[in-house]
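From first to last, the protein sequence lines stand for chains A and B.
Going by the working numbering, the first residue of the first sequence is number 1, and it counts up by one from there.
Going by the working numbering, the first residue of the second sequence is number 347, and it counts up by one from there.
If you are wondering where the hints come from, they were derived from the structure by calculation, not from laboratory data.
We put the beta carbon where it would ideally sit given N, CA and C, even for glycine.
Accuracy of the hints is not assured; some may be wrong.
From chain A, some residues computed to sit far from chain B (all C-beta separations above 10 Å) [what the hints assert, rightly or not]:
{"no.": "1", "residue": "40"}
{"no.": "2", "residue": "59"}
{"no.": "3", "residue": "104"}
{"no.": "4", "residue": "176"}
{"no.": "5", "residue": "342"}
Residues from chain B that face chain A, not an exhaustive set, calculated with beta carbons under 8 Å [as the list claims (entries may be wrong)]:
{"no.": "6", "residue": "383"}
{"no.": "7", "residue": "392"}
{"no.": "8", "residue": "396"}
{"no.": "9", "residue": "407"}
{"no.": "10", "residue": "411"}
Number of protein chains: 2
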Amino acid sequence: MGHTSTNPPAAHRPLTGSRVTARDLAQRLGVATSTVTRAFDPQSRISAAARTRILAMADELGYRPNAIARSLNQRRTGIVALVMGDMSNPFYPAVLETFSLQLRESGRQLLLFVVPAGGDADALMPQLLQYQVDAIVVTAARLSSHMSDLCARQGVPVVFLNRRVEDPSVWSVCCDNQRMAAEVAEYLVGQNRRACAFVSGDPQVSTTADRLRGFEQGLAVHGQRLAACVQGGYSYEGGRAAAAQLFSSGQPPVDAVFCANDVMALGVLSHLRMNTRLRVPEDVAVVGFDDIRAAAYAENDLTTVHQPVTRMIECAIRLLDEGRPNGSVTQALREIPGYLVPRSTA
Amino acid sequence: MGHTSTNPPAAHRPLTGSRVTARDLAQRLGVATSTVTRAFDPQSRISAAARTRILAMADELGYRPNAIARSLNQRRTGIVALVMGDMSNPFYPAVLETFSLQLRESGRQLLLFVVPAGGDADALMPQLLQYQVDAIVVTAARLSSHMSDLCARQGVPVVFLNRRVEDPSVWSVCCDNQRMAAEVAEYLVGQNRRACAFVSGDPQVSTTADRLRGFEQGLAVHGQRLAACVQGGYSYEGGRAAAAQLFSSGQPPVDAVFCANDVMALGVLSHLRMNTRLRVPEDVAVVGFDDIRAAAYAENDLTTVHQPVTRMIECAIRLLDEGRPNGSVTQALREIPGYLVPRSTA
C-alpha cells in the first residue's frame, strides 16, 4: 500500500508544464494518435499489453482525455440522465443496476436524478438540461407533457420506463401489464377462487391502471367481477393496511388477493400470517407483480409476475439512438412480454 | 395534454437561428445578465415571479445555459461520481437516494457508476476521470491505492463511504463500527448469552473486520470468547447457509448470532424459523447491522445497529470541498456514532 507521490522522471518533465495531448503521448510511445485514443475507449479493440503501456505512460505524463471538451465538438456528451422515484421498492434499485451496467457497455454514462417519493420531475428539468445530456429516461416518476415536449423540441429524446404515457413525442417501454394481469385472473379462477380482490398502487399511474384493467377483463371472461379494490400505496406498510381492511370483520370474504407489486403482496402476507388465522394458500391466495429477490425468499415464496427488466432496459437503450418517436402513441409504445412465476402462495 | 409544437412568435425569430446567449435574453427582458444566470441556479435568491418570467422567455427563444461549457472555464463541472457496488443490499439504495438528494441541494449532480458485485472500481477509473468530475465517492466497492493516488494527484478528492481505507490521501467516512459491535456484545452478555457467534461478510472489507474486532473485544471484557465465526457473504442466502452451518448437529450450541449486516440476519432468522425448532429470542438471539427498512417489518422485528446514513452522507459531502486530506490516516477518518435499536429478536 505504498503511497509515495514522486515527480515524473526527468526525461518526461518538459511535457508536464503545459497540457499534454494525445499526440504528445503518441509521439513519445512511437504509436499512432488513434491508438492512444483507442486505449481510452473501452469499446475499442486493442491488445491488453498496448493499453496497459499507453495508460501507464498517460498516468506518468499526466495526460487524461477530456470527454467534456470533446463533447462540445461532437454535440454528444455520452451522458444519459435517469430520473428515478421510489427507491424504497427494491424493484427500482435492480432496474438502476442493470441500466447502469448496460449503459456503460454501450459507452455511455449515467447522470442520476432521484425524485423524492410522490414528487414529479418537472422542477429539476431546467437544471438537468444544462448538462447537455444525450437522452432522458424517466422511471417511477411523473413528467408533465409540457416538459417532455420541451425536451423533444430541444432534440433530447425521452423514454419512460415502466410507465405508459399518452404522448406521441416520447417513448414508453413497459411489461405487457394488461395481458399479464388477465393471466393472473385466469390462473386464480382456474384454482376455483371465487372472490378476487385487487390491491392497487397510485391509480393515476399507468402500470397500476393497466394491471387493474387486465385483471378485471380476465375475471369477466369467466363471469366474475372484482370482489374488492383497495389502495396500498405501493409500499409494504400500505399492503399490510390494505389487508387489514380486506380481512376485517364485516367485509365480504375474499379468497384471492392480487397486488400491483410484490412489496405490497409481502405486506398482505405479513398481515395474514401475523394477524389472522387464514392459511395461505388454502384460504387465501396471494399474487404479486415484479418478481423482486425477496419474492423468492423461502419464507415468502410468493407467486408473482416476472417483469423482464433486462429486456425492457435493452429496449430502452436501443430507443435512445432512435431520436424522437415519429408517429402515434401506439407506435411510441414498446411492450415486453412478462411471465407468471407460480410459487406456494397461489 | 396538448402537444402542439409551434414556432416562436415572429418577433422572436431572429434570435433562434444562431445560438441564443444569456445576454440576448437579458436584453430582451430588460434585466441584467446576472439576473438571467441566477434564474437557472437553484441556489440563488430570485423572486419566483422573475424566475418564471425568465424561464418562460428562455423556453420560447430556445436558450439553455450550458453547464458543460461553463465548467471548462471554471474548471468545475459540478458533477460528483459515485462508485457503488452491491445494489442488492437495500442499505445501498437508501444511501444512494439520500446522497443524490443532498448532493442536488448543494447544487451538484451525481454521475453513477455501478460496479458488478465483487468487482473493483479500478477498471472504470480511466473512463470516469474523462468526465472531469469534481470528486469521487466510493461505497461498497474496492479501489486500489494506486488508483486513489492517481485521483489525488489529479486534484480529484476521493471519499470512501462505509469503508475505512489505510491511505492518508483519501477520506473515509464510517459508522463507529468497532464501538457499536462492542456494545452489541455487551448487550448480549447482559442477557446471559454464553455462546455468541459472528456471521461475517467479506473478511477483507474494513467494516466487517472492524465489527468482528469490536465484537470480540466486547466479549473479552466479560471473559468470553467468540463461540463461532462463519462467512455469510453479505447476502440473505449466505445468511441462511451460515445459520445452517451454525445450527447443524455436531456443532457446539450457540445462543446468540451477531451478523455483519441486516440482510444476512434476515437469512439467519429465516433458517431458524423454517428449518429448526429453536425459538427466537428464547433459545437464540439474532442481531443485525444497518437498520434497513425490512428490519422493522412486523414479522422480522430485528434487533440491529442503526447506521446514521444521513449524517454520514452530510459529512462526506462536506469533505468534497476540503480537497485532499493532508495528514495521517487517523486524521482522514471520520467516524459517525450509530446506536442500538432493540427489537424482539434479542
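Of all the hints given earlier, name the ones this structure violates by number, lowest first. 1, 2, 3, 6, 7, 8, 9
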